[in-house]
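**Q** Each protein sequence line maps, in turn, to chains H and S.
All residue numbers for the first sequence refer to my numbering, where the first residue is 1377 and numbers rise by one.
All residue numbers for the second sequence refer to my numbering, where the first residue is 135 and numbers rise by one.
I should point out that these hints are in silico values taken from the structure, not numbers from a laboratory.
Since we're looking at a predicted model, the values are computed, not measured.
Yeah, the Cβ is synthetic: ideal placement off N, Cα and C, and Gly gets one too.
Do not rely on the hints blindly, as some may be mistaken.
[As the list claims (entries may be wrong)] Label pairs and their computed distance ranges (CB to CB):
#1 R1623(H) with A169(S): 30 to 40 Å
#2 I1455(H) with A169(S): 45 to 55 Å
#3 L173(S) with E1683(H): 19 to 29 Å
[As the list claims (entries may be wrong)] Among chain H residues calculated to face chain S with C-beta under 7 Å, some are:
#4 G1470
#5 H1482
#6 E1500
#7 A1516
#8 V1519
#9 F1691
[Claimed, not checked] Far from chain S, some chain H residues (derived; all Cβ distances over 10 Å):
#10 P1479
#11 E1657
#12 W1688
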Amino acid sequence: MDDELDLWAARRAPRLLAQAEAQAVAVLRDALVKAARREGRDDPMPAPPDRPAAAPLPTGEIVWAYCVVRAQDAPPVEIEGVAGGRVERIEAHGLAALVGRVPAAHFTAEPLREHLNDLAWLEEVARAHEAVLQQAFAAATIVPLRLCTLYESDEGVRRMLDHERAMLIDALDRLQGLQEWGVKVIVDPERLAHAAGEASPQAATYEQELAQRTGGGAYMLRRRLERHVRERADALASDVAAAVHARLQDWAVDAVARPAQNRELSGHDGEMLLNAAYLVEAQRVDGLHALADELEDDHAHLGARIELTGPWPPFNFVEGAIG
Amino acid sequence: MSTSIVERDVALIDLVDRLLGGGVVIAGDITLAVADVDLVYLGLRALVTSVATAEERHLLPRMGNSL
């Protein structure tokens, strides 16, 4: 039932926010009109203060860059990209950048920053960028570029390919035949605390003492026991995360542990112990799934779930990624 | 519940983590600064919090009652 409520709430939220905003604007407008009328009885409406004219919106198109591939690999991308644009390629020195044209009015620095506050806009752009990357990645080794890498002209893209040639070629060689997979380990916090308590001789001692006490002494002892179990649970959480990460890391070509996701943002149930990315040979992906199943079974007593996402282009294994 | 906004949002956070936290950072005429990325996360969180607050204040009826 909670799930349904969450769902319903999430679906309603944008409309409720919009309604609230519209109401607030209406109230504000009424108040301003009233104030203006009151003043109007005595004085004529004051002239609006001189304001500098807003800078005109930039016109024309600029270049959105998706990823870099080897020129001979450059895969055809048939889908529409960001802002509905066709995906083209710009070649230089044996490399090709997949790019699209986007309206300058929305994608130059200032309007872009404003649009980023609009989650619906961000989501549309992020999904369009990702869809192009996925299609290219299905056919070739790619170096994904971070969202919102833009150039004023094709010449700018060629200059980038020229300047970054060594790094890009190195990355393309290194990433050949590899995929990124996301792995999250989520456990049931109550079962984690229970397991931590069970494993602690100190907790058992507290429990025994507690059975013999009453009143204030018992209260203090119970607080101490609870704190002890919390600490043991935190330690167990770190141990489990480290152990799972070590197994996967041994197995993968490369690995990056990232901060656990905020529960409010990800909506997961339970406690996320690990949020990591692994670079895996495309032919060995079955093995990754098998290992994840095995690790999930190993931690079944914690109610562990191991969630795999992928294959992703190697976002976390290129220069500049926040790993 | 195979297609839901909640699930879409879960995927969105994974996407944002990768598209804004990963990918090669390369000189462009326009690129996002770290501060811009932080703002995106703030925006995401504000949306989630406003839903939670509305729910707390019973602005949103509990769906279970009507089922």
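**Q** Against the structure shown, which of the earlier numbered hints fail to hold, in ascending order?
**A** 2, 4, 5, 6, 7 and 12
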